[in-house]
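Chemist: Chains L and U, in that order, give the protein sequences. For the first sequence, my numbering begins at 7 and goes up steadily by one. For the second sequence, my numbering begins at 1095 and goes up steadily by one.
Accuracy of the hints is not assured; some may be wrong.
[Said to hold, decoys possible] Only pairs whose alpha carbons sit at most 25 Å apart, straight line, appear in this in silico DSS-like list of lysine-lysine:
no. : chain 1 : residue 1 : chain 2 : residue 2
1   : L       : 76        : U       : 1275
2   : L       : 67        : U       : 1275
3   : L       : 76        : U       : 1315
4   : U       : 1499      : L       : 224
5   : U       : 1412      : L       : 272
6   : U       : 1275      : L       : 103
7   : L       : 204       : U       : 1412
8   : U       : 1275      : L       : 108
9   : U       : 1499      : L       : 67
10  : U       : 1315      : L       : 258
11  : U       : 1383      : L       : 67
12  : L       : 179       : U       : 1148
13  : L       : 103       : L       : 147
14  : L       : 243       : L       : 195
15  : L       : 67        : U       : 1409
16  : L       : 204       : U       : 1499
17  : U       : 1412      : L       : 258
18  : U       : 1474      : U       : 1443
19  : L       : 56        : U       : 1412
20  : L       : 147       : L       : 46
21  : U       : 1275      : L       : 56
22  : L       : 187       : U       : 1514
23  : L       : 192       : L       : 272
24  : U       : 1315      : U       : 1383
25  : L       : 56        : L       : 46
[Said to hold, decoys possible] Here are some of the chain U residues that sit facing chain L, going by a computed Cβ distance under 10 Å:
no. : residue
26  : 1244
27  : 1262
28  : 1264
29  : 1324
30  : 1346
31  : 1451
To be clear, the hints were calculated from the coordinates, so they are not data collected in a lab. Cβ atoms here follow ideal geometry from the backbone N, Cα and C, with glycine treated the same way.
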Amino acid sequence: MKRYLLVPLMLLLFVPPAFAKVNVVTTLPWIGSMAKEIGKDYIDVTTLIKSNQDPHFAEAKPSMILAARKADIFMYNGLDLEIGYLPRIIESSNNPKIQPGKRGNLDCSQFIEAIEKPSSVDRSMGDVHPLGNPHYHLSSKNILKVAEGISAALSGIDPGNTAYYNSNLQSFKDHLNEKLKQWTKKSLKGMKYVTNHKYFEYLARELGFQIIGYIEPKPGIPPSAGHIEELIEMMKKTKPEAILNTAYSGKKEADLLSMKTGVKVKVLPHDVGASDSARDWLTLMDTIIRTLE
Amino acid sequence: MKIKTIAIMLVLVCAITSQAYGSDIESRLSALEEIIKQQGKTINDQQMVILELKEELQRSRKEEIARSEEKVVEVDRSQKATGLFGTSNLMNPNISLILDTFGYSSNLKESELRTRRIPGYTTEGITNRKGINLDSAELFFFAPVDPYFNLYATIPITEDGVELEEAYFVTTSLPYGLQLKGGKFKSGFGRINSQHPHAWDFADAPLSYRALMGGEGITDKGVQLTYLPTLPFYTLFGVELLQGDNLILFGPDARSGPHAFTAFAKASFDVSDNATILFGPSVISGSTKTDTIADNTDFRGRSTLYGFEATYKWKPSKAQSVTLQSEYLYRSQTGTLEDSASSSVDGLKRKQDGLYIQGVYQWERYRAGLRYDVLDLFKKDYMLSGNQSDFGSRPWRVSGMLEFKPTEFSRIRLQYNHDKSARNSRANNEVILQLTFGIGAHGAHPF
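Bound-form chain U, shown alone:
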């Protein structure tokens, strides 16, 4: 009985609890359903928010671009821009000093060198001294003057004193590809003429320069106008009005006022990425009064010098390059030659020419070059009162050089010249050991 009641009660309890349990599951399920519904709603809501945010982002981006349409992005560029030549040069111009010194040796005596002239061309001898020579310590100054002009000055200091070799302004703001240069400057005539001697590939000027315009070239007071048109290839046209101080070609007393005129054109193509040619004609003409043609004479008349230059440069890398360069010069002079001793006056017509051709090969920090100079190439007219004068064999010279450039700022060069420019006189065999150093501001290299 007792067991029975216990069993029944157990069954009852079980039934009750199970029933309660059943109802509990149902309520939990519905609670879960509720939660899932809630979550679905949350997800929906969140998606809506995301979409809204997306839209807003796109809108603001569009707005940002639209806003920037009105306003250029502000970038501070006032303080840090460097000038044309580099660092600040407000208080001081760029200054550099180039020391050019050389040892000279020749088989000729010192006195023979002084009177070593080129018969038929010039009476000017060689000024180099045997032994150690100081060419000059050359000071360069350059800086912008204002937004319209740049200023340059070259002041070589020699043992004899200070010179003003060049001092000129260059305009920077002329329209139509024009540029004006004024002051004292190296003429744009020819190629070597416009380069500074320390930039030459050889220690001395070509024979044709020495014979036809003087070893110093044409550096004169005047104005130059150049025009660079926008053609498919490089061309530059220039004219100059010069005072006419060059002692070989013109002379300061030939006429009062400017009396020499120059015109030149240069053209250039890049044959390939690594090779460039540059060529062009030049002419300079003016009144002449000079005493350099023959001893104790004075020449008065007109001189015109024509030139044609050509340069080819191949430079596949900084470690290797080849430069071939040549200039042909032709000079025509008409006037009178007065003998100061006898006061006799004769008509003189000279039509003479000369050429140099040179090649330089560079590898790493070394350069080696060969040059050949010749005068009387096609023309050797020297007509004194209608009679051709004969000065002897054709003047020529051959030169070889080897140089080592430890850096851009130093150079050691050894050059040998076999010089037959004095015609039938003995050859002058020269050895030149040239040392060049530059300190100060970094000048730009011309092509």
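Bound conformation, chain L alone:
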């Protein structure tokens, strides 16, 4: 008797779902969060890099390759930020849908205008990105463009739900505009900060604060004692507001600098999920701007 019950139960397991969600795979958490903002219930999002990882130095783990194999669309930061693992993930995925030039390959940097593009670059300058500063996501101007790009890309893959994606895009824009009113009220104009890595340059331009020094002497190169000495001298003269640091690196150096100069350290989430309050892009920006004040 029980066996007869099992058969329909097993059949149920093999019934395909009524409608298939778009399978989105992203490298960085903020891209996953933006995809969710636009795709909401109509997409599944897998994010490969965790918010506590340095996005410059991830490895192409087999689990990431498998996720890319199952992707309908693969979204990434671009500007060579993921150059150390992205090419291998995409090629090894054996997935034709996400290869460059295909609809399922979305380089989010194509929608923005990169800053700090060096006119000439070699590696004696450290890990400089020849295409410009790749940390462009902490900018409402850029995120708006990326949101539009993601919406267009999802519509391209899943044209039947274009209206859904567009209305989600519209409500994100509305939320962002409300938030912008709050953010631009805060006067960060002219404030001076010292940071570890070139993470906050886009935000500085947008909100008008200044980054006057870096703990890293060159991108990706840990500081020497001499560099720290120089930085301490400079900070004693210019008295910056705070030392900005991300959660994943350079705590030791930042604390030392703070001890020597009396300037306090502010730890900012660099990406969605890097602090409890940064649940999505809007709350990430909220957290950063609140901490900066």
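Put chain U on the given structure of chain L with help from the hints.
Modeler: Frame of chain L; chain U shown alone:
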């Protein structure tokens, strides 16, 4: 009288003016009323306008969404997308050059090193020279060919000349999780075999590699097909058809046409966010004709090499990681051994195995590692005409290394080997100081 008239007139004037005043208030009040009425009307009118505007706004918003239903938001994405490997490489492929140079020191004489073999396994000696060695300056080229193929080439330039170590295409557009690779490439057999020597954790290949397939590993001409199914965990299946040029296992003259076949499977799980294991079996089999088993001999027959690899990597941050890795190799060979001096032919059956196990700890820009190699672990059959040959004690080696990586593109490594692979012969105590530099395009790191 005069005063009286003046008073009366004053009263009259007052009365008149007051009366006029009274009527003035009334008219002003009514004027005010009129104004208030007007204003009320204006407010009403304005409210109507606001309501109308509201309606219109909602309507236009709905229309906008409806319109966008037909039309996808136009975003220009034609010019700025970067390619698979980064910046534009339309006119030039990505090129990188890796310089591998090392200093070598040993307690053995130069002549002893040349004849330092692994008795029962291989007659090939050690080619390192005491002093300063230039391994190679290795050129890498890679770029997409078109939407269907990527092309890779590895061209090491040594003091002896230029080699074509690897040159192969990889397909990018096959369906069902399939990928085809063709040309000359490193076989997917095992773990270290498919890595480039500059990506190894130690300056030299494991003893088991040197003994069972040669220190260079299996790099051969052929085709490879891999299949990556969409299971809940990572699995990769691969088969290869190879020409069979490997001098230790097969030999180019063993047979005309491709005469080596490979099959491998790899599986991987993320044990946690920071820890991953990768493991899987491999097998390679084919016809053999080699002169590396003993001096002045020729072996003809069949060889099959089985392997099992396992890697565990724990990496909680970029500042710290632990990698544990091991491979077990088992080789079975059956055929005839011909003595070129006496022309005597004997049947030879070899069943031999080997293992390495290594661990590397990384903190900040430093890495330290330990490796243990052993041969004859479970099997040491060397049956010449049915008789077991005894070559002496079990070959083994232990190695330690310490390295400093200033950036991703440079590495200084110091390694020490205590090598007892020549069985009962003296130990070879080696010190290697290896310097590796890379310039040019940024290659991706494999797991």
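Chemist: Against which earlier hints does the structure fall short, listed by number upward?
Modeler: Per hint list: 3, 10, 11, 13, 21, 22, 27, 30, 31 violated.
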